[in-house]
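Q: Single-letter residue listing:
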Amino acid sequence: MSSEEIVDPTLQHDVSVRRVLIHLVLPLFALILGILAVAFIGLHSYRTTRAGVKALTHELLGAVQHYIAQEVSDYIMPAAAGNIVASGMIEHVPVAVQDKVFYSYGAAMLRSVPQLQSFYLADDSGHFTLITRGKDGKNQERTTLQERGGHKVFHHDYFTDDGVKIGEADDDAKDYDPRNRPWYKNTENSTDIKWTQPYLFATSHQFVMTSSLRFKGIDGHTLVFATNISLNELSAFLDHIKVGKSGNAIILDSKGRVMAGRHLMQQAEAAGWDPNKMIINPKTHPVFARGFDHYRVHNFGPASFELNNKRYVTIASPLPNSSEDWVLLLSAPESDFAGFAKQSSQQSLQFAGVIIVFSLVLAALLIRQVRRSERSDRKLRAQASQITRETAAVQQVAATPHLFDPANDSLVLTEQLAHLASAHRASVWRFLHDGSAIICEDSYDQKQDTHSGGFEMSRSEMEDFFKAVEEGEAFTAQNAAADTRTAQFERLVMREVGTHGVAVYPVHGANGVIGTLVLEDAAMAPHLLYFVDLIASVAGMRLASLYGAHTDTPEGASISTADKLHEALQQAASLPATKFDNMLMRAPQTGAVQSSGIYPAVAVLVITFSDPVVDGGTETQGVLDLINRIATEVQRIAIESHLFAVEVAGHRLICMAGCTEHEDPTALIRVAEAALTMRETCMGILAAANLEPVFTMGLDYGAAFGGAVGAEPQVFNLWGQTVSVAELMAQGAADAGTIQVTERVYSVLRDRYLFRSRGAFFAPHLGLGRAYVLAARR
Amino acid sequence: METRNVGPVLELNKAIPSFEESGLPPVPFSMRLMPGECAVVEARDASRATIFADLCSGLVPLNDGAVKFMGLDWTELHDREVNALRGRIGRITRRPSWTDFLGTHMGIMLQQLHHTTRDVNDVVAEASRLSEQFGLPGLPVLRPAMLSDADLLRASCVRAFMGRPHLLLLEDPLEASPADLEDAFLSAITTARDKGAGIIWLVRSNAVGQRYWQGVTSRWRLADDGLVAVRMG
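Top to bottom, those sequences are chains A and B.
Quick note: the first sequence uses my numbering, first residue 1, plus one each step.
Quick note: the second sequence uses my numbering, first residue 779, plus one each step.
Just chain A, same shape as in the assembly:
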C-alpha cells in the first residue's frame, strides 16, 4: 500500500532538506564565499600593487630621466659653456693674440674633453681658424683659411699634444667662406648660443653638431666662436645606460629625428648618412615611436601603453643646456619594474590557491565527518527502530497461545521471522531423530502469504547441507547455488521460488543440533539483533518436545498419513453404506441411523459449482454428460471413503460423514481425503473438457442434527451451523478449485495436511474466526 501512495507522509522531506542545507549546502556556500573573498582580496591586492608599481615606475623613470638629462647636459655643457668662456677670453685680447688664445683654449679643451671635436673662430671679414684633433684622435691640427695667389687655401699645422709642431700642409679651400656656414649664419642678430642641425661626417663616421656664439672683438669686428661636439659619444653613453632591466633612452628632436641613441650609426647608414632622414622608425623602434606619439599628443611626461601584449612605460622630458627642441625619451617594459609585483601577485594567488585547497580539504573533511556522524545517527536510529520492531515481534510471538505446544502450529514464528528479516521465505526444519532426514515443520512465503511444510529431505540428498547445519554455527550464502554447503538445498528447495541467498541458523537442543531456521533472500538478516536467536530458542523448545514425543514412540511406530487414512477406512468399514439422495442417486437408505437426532461430530463438505452457461441442445447434452461424469466420480469416491451421505441441491454437493451418535474420529479424515480426491478428479475431468475449475469447496466439522424426512422414499437431511458454515466456506473460498476450511477442521487435521492461513474473518452467528485453505497431504 505504502509503495502505491503518491506522497509518503512518513518521509520527512523538510527535515531532509534542512539537513542537506545544514550539512552540505551551508559549508559549500561558506567555502565558496571564502574562495570569493580570497580571490577578491587577491585581486584587490594585485590592483593596488600594480597601481603602486606604476607610480613607482614613473618615479623611477623620472629619476632615471633626471639622471640622463643631467648626464646629457653635462655632455653638452662643455660645448655651450666653452663657447661663452672662449668668446669672453677672445673678445678682450688684442687682435694679434686672438689666434693664440683660441689655439690655447682649443688645445686645452680638446685634450681634456673627449666629446669635443673641434673649434671654429671666424670673423665678419671672412677669417677662419680651426683647431681639431688629429685623424688618429691624437695630436692636434690647426687650420687657417689663407689666400694665396688669389686662391683660398686651408693651411694645416700639425702639433703634438705638447705643442710641438710636427708638420704642415695646404689644400684647396675653393670658395669656402665661413660666413656662409650654418653655424655662422644662425648666430646673426643673436647673442645666444645657437646649435646647428647635426650632420654626419661619413668618412669619420662622426655625428657632429655645432654650437656657436657671436661676439665682438676688441677691434670692433664681429666674431663667431663655434664648438663641434660629437654625438657619437652621447649615443655610446645612451647605449650603456640601462633603464630598468631592458629599457633604453633616445634623444629626438621635435620632428622625430634621432639625435642620439642606441645603434645610431646603423640608423645613419640606413638613412644614407642623411640626418634629416633619420626619423624614428616604428618598425625598428616601435616602443619609442609610440612613446614619441604620446609625447606629441600629451607633451612632456610619462605615458604607459600596451604593445604586442606587453605593457610599456615611456617618459618624455626636455633637455636643459641643449637645443631647445630636443626631447629625451626613455622607455622600459612595465614588467622590469612591476616584475616583483607580478611575482608577488602570483605568490599571493598561489597562497590563495593553497588556502582554497586547504579550505576544500577541510570542507570535505567536515562534510565527511558530518555525513559519518549522520550515518552513525541513522544507524543508531535504525538500530533503535529495529529493537522496537523486534520487541513488537517478540510481543506478538509471546502473545501466541500454545507457543511451545508442538501439536499447535505456531505459524507466527516463520511469519515474524520473514517480516523482520524482509525474507522471501522463512522456514523451520527439524531433523529426524536418527538424523537421516530433515522435515520442514513450517515454511512461510511472505510474497504469497502462504504457509507450507511437511517436505522431507534425506541426508543422502543434501549431505553437505546436513553437515554444515550440524556444525551448529549460523552461516550465510549470498549465492546459495555457488556455495557447496547450500548448493543441493538451493536445487531442491529454493529453486522453485527463485530465491538466491540463504541464511541458516541451526536450532540447538539438549543433545546438539535438532533443526534449523532458514531464511531465503533475507535483506535484513544481518541487521537482526537478537530475534533470530530468540526464535531459534523457541523453535528449539518446540522441536525438542516434538523430538521427545517422536522418540518416545516405539521404533517403527511412526504412522504416515497414508497409513492413518487406511486405518481410518478400515475403522469405517463397519459403517453403513453411503447414502445418495435426491436426484443424484439411489433411494435413501438410512442404514444404521435409525433415528433423527443430534450428531456431535459431523464432517460436512460442500462443493459449489458455478452455473454452467449453455447455448443450444448439443452444448446442454455435453454439460449434462460432464455433470454425470462428475457425479459418478463423486459417488465412487464417496463409497471408497465410506462417507455417510452425499446430497445434491442445485449446484451444490453436500458430502457428510460422522452422522453417528458417538463421535467418529475418522469422519473428518475421510471427508478431507475425499475432498482432496474429489478436487483432483473434478479438476481432471474439467481440464479434459477444456474448462477452468468452476467449483469451490468448503469443509467444517462439528455438531449437526438431521434425519430422514418425508414419506417414502425418505430423504436424509442435515441442518445446523456446521452445514451453513461449510457452505459459507465454499462460497467464500479464495480461488476456484480450493478447499476452504474452518479453524476447527484445521486444528484437527493440521498434523496430517498442509494448510494455508487466509486470516481472521467474521462470520455471522460465529463471530471471529480464522479460515484456512487445505492445500495437500503431508
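Keep in mind that a hint or two might mislead.
[What the hints assert, rightly or not] Label pairs and their computed distance ranges (CB to CB):
{"hint": "1", "chain 1": "A", "residue 1": "Pro526", "chain 2": "B", "residue 2": "Asp878", "range": "49 to 57 angstroms"}
{"hint": "2", "chain 1": "A", "residue 1": "Ile22", "chain 2": "B", "residue 2": "Ala1001", "range": "26 to 34 angstroms"}
{"hint": "3", "chain 1": "B", "residue 1": "Val994", "chain 2": "A", "residue 2": "Leu365", "range": "55 to 63 angstroms"}
[Unchecked claim] Partial chain A-side listing against chain B, Cβ under 8 angstroms, derived:
{"hint": "4", "residue": "Glu4"}
{"hint": "5", "residue": "Asp8"}
{"hint": "6", "residue": "Ala69"}
{"hint": "7", "residue": "Glu71"}
Bear in mind the hints are in silico, worked out from the structure with no lab data behind them.
None of the values given here were measured: they were computed from a predicted structure.
Ideal Cβ positions, reconstructed from N, Cα and C, are used throughout, including at glycine.
Based on the hints, put chain B in the right spot on chain A.
A: Showing chain B alone in chain A's frame:
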C-alpha cells in the same frame, strides 16, 4: 498477515481541543489505539462523535497536548504530508460528505485515485467487490442524492474500507441500518483489523453491535468530562 506498525496507530496524549473551534469540552483527551485494536466510543451526541472523529483526524485545533497518527503529530506536518496521511484513514461520518456533482462511484474511489498510484481497474474491482459485500448490486454510479439512505450508507461503508486503511473512524453505521449490513460490516472490520488497522467505532448506545462486543478491545465514553474508559464486563 500484514506487517504491523510498531507503536500505536492513534495516540491522543492529553489533547485539549479548542472549545471555540470544536465545541468539545476543553479537557485532556488521552487514548492509545494499537494496530488491530477496536475501540468502541459511546457518544450520545452524534455531532460530538463527528467532532471527536475530526479530532482524531487532526482537524480540530488543540490548546494543548498532541494527537499522533502512526507516530506522526498532525500539527508538525506540512499540508502535503497531512493530506497524504489522511489518505490512510477510512471514515464513515454522519456529516454530509458526498459531492453531488460526481457519481457515487467517483466519491467512493476518489480517495484511492487521489492518494495512490493504483491502477483504475484495480480500484474499480475493489470498489465493486466491496459494494457487493455491503449488499449493493454493484458499484453505484448514480449521484449520491439519487440513492436511498440505506444504499448511501452502504456506499459510505464501501468508501471507508477502500484501500488498506490504517485507521477507521466509524460513526455507527449499524444504527438504523438494514439488518444485512451488520454481517458485512462486522466482517469488513474484522478483515481490516486482521490487516493491522485500528478501529474507532463511535456508537450512540451500547445496544448497537452487541454481537461484536467480544471482539472489542476497549470501550470509552465521550462525556462532558472528556474521554472516559468504561470497564469491560
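Q: Indicate, hint by hint, whether the structure satisfies it.
A: Hints and how they fare:
1. A:Pro526 x B:Asp878: 49 to 57 angstroms: Because 56 angstroms falls inside the window, the suggested range holds.
2. A:Ile22 x B:Ala1001: 26 to 34 angstroms: violated (47 angstroms)
3. B:Val994 x A:Leu365: 55 to 63 angstroms: Given about 59 angstroms between the Cβ atoms, the range holds.
4. Glu4: holds (4 angstroms)
5. Asp8: holds (7 angstroms)
6. Ala69: Interface hint status for Ala69 (chain A): violated (81 angstroms vs cutoff 8 angstroms).
7. Glu71: violated (85 angstroms)
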